[in-house]
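All chains, full assembly: derive it from the sequences and hints.
Be aware that the sequence shown starts at 1, since it is given in the numbering used here, and climbs by one per residue.
None of these hints come from the bench; they were simulated from the model. Check before you lean on any hint, since a few could be wrong.
[What the hints assert, rightly or not] Label pairs and their computed distance ranges (CB to CB):
id, residue 1, residue 2, range
1, R200, L107, 26 to 36 Å
2, L107, L13, 35 to 45 Å
3, D135, I48, 54 to 64 Å
Beta carbons: idealized from backbone N, C-alpha and C, even for Gly.
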Amino acid sequence: MWSVLTSGRYGYLADYLVWTTLLLSVAANAVLFFRFARRNPQSRRRLIVGNLLVLATLLSAVAWIGETYFRFMRISTDSFGVTLPAQRWFQRYVLLNSWGCRDREWLATPPVNVRRILVLGDSFAWGWGVERLEDRVGERLAVGLRQVWRAPVECMTLAQPGWDTGDQLDPLRAALDAFRVDEVILIHVPNDIERLLPVRRDFDPKRPPRCAWFNSDASALFEHLYYHVYLPRVPTVSGFHDWLADGYADPQTWTAQQERLRVLVDASRAKQIPFRVALFPFLRTGGTRFDGERIARMHAAFFESIGVPVVDLRPALGTRPAGELIVSPRDAHPNAEAHALAADAILDAFYARPATDNP
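Here it is, written out as structure tokens:
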């Protein structure tokens, strides 16, 4: 909470008081103008200035309401995760364990007769925008597997926002050394190739540009307008999916990504632990060159070539409009319903759920 209270130019509350004072001063100037300008009520200049002050007062009132709402009331994630409402969401719903993951603390060895699956991934597996842990794909898989295996099952979600394939290797190796794990399921997302793609000083889609001419942290309203109205139109952001598409179209980059994925698989096989892959698609894309179907086929062909069971989640998620499966119009991460559909598809593909489990 302290990080939020001290955010902004002067501080969380101090910034709000500064803006409130400025907005009230506009209204006060309007009142004073009309009070002292009565001596010449027919003046054209008085009419113009008066109308401008009335307009400024109305706009100030709207701005103050917006500032109050976004600074104190709104709690929600967005695709960037840096706004004040997003920070409040993280503080309310996210509790990290000693591994820095959004999960309970893990025992080195689960209780007797309990089978353990390790779900590996990034912000999708982590549950970005999903309030309850039990609504994530990993926890839903554990519930389904209890019915399939007729035994207790627990899930370890080894995931962090921003991880790509290269970031996942060392944590996976460390977890397999530290904990008894029965199966590993990789939740793979197309942007897990990011670290291999070229960036420039003026074009780095991994780091959306901050406002260079105003401290957006000083105003929650301006911050909202910057990140959700202006920034999506900036090439660094609007070109994100085409940037990924160009990476997958480059044979050298795709070869390097396959090698990184192979190393992940080998880390699990070295421990004689089954490794499975679920290809989680983007639910909303932009640009003109990104082909999610082609990229999914590339991954499926690779994993099948090295003997890894793989399921493409696009058919399961394609049964619903994308707008019903994302967290919000400002956050394209999968919501709880999308996690449920993904878990069901994984269960059907890998574990042959009993027919009674399917509606």
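*Beta-carbon spacing of D135 to I48 - inside the hinted bounds 54 to 64 Å or not*: This hint holds: roughly 57 Å between Cβ atoms.
*Does the Cβ distance between R200 and L107 fall inside 26 to 36 Å?*
At 46 Å between Cβs, range violated.
*Assessment of proposed distance window 35 to 45 Å (beta carbons of L107, L13)*: The hinted range 35 to 45 Å holds for L107 and L13, with Cβ atoms some 42 Å apart.
Consistency note: the structure conflicts with earlier hint 1 alone.
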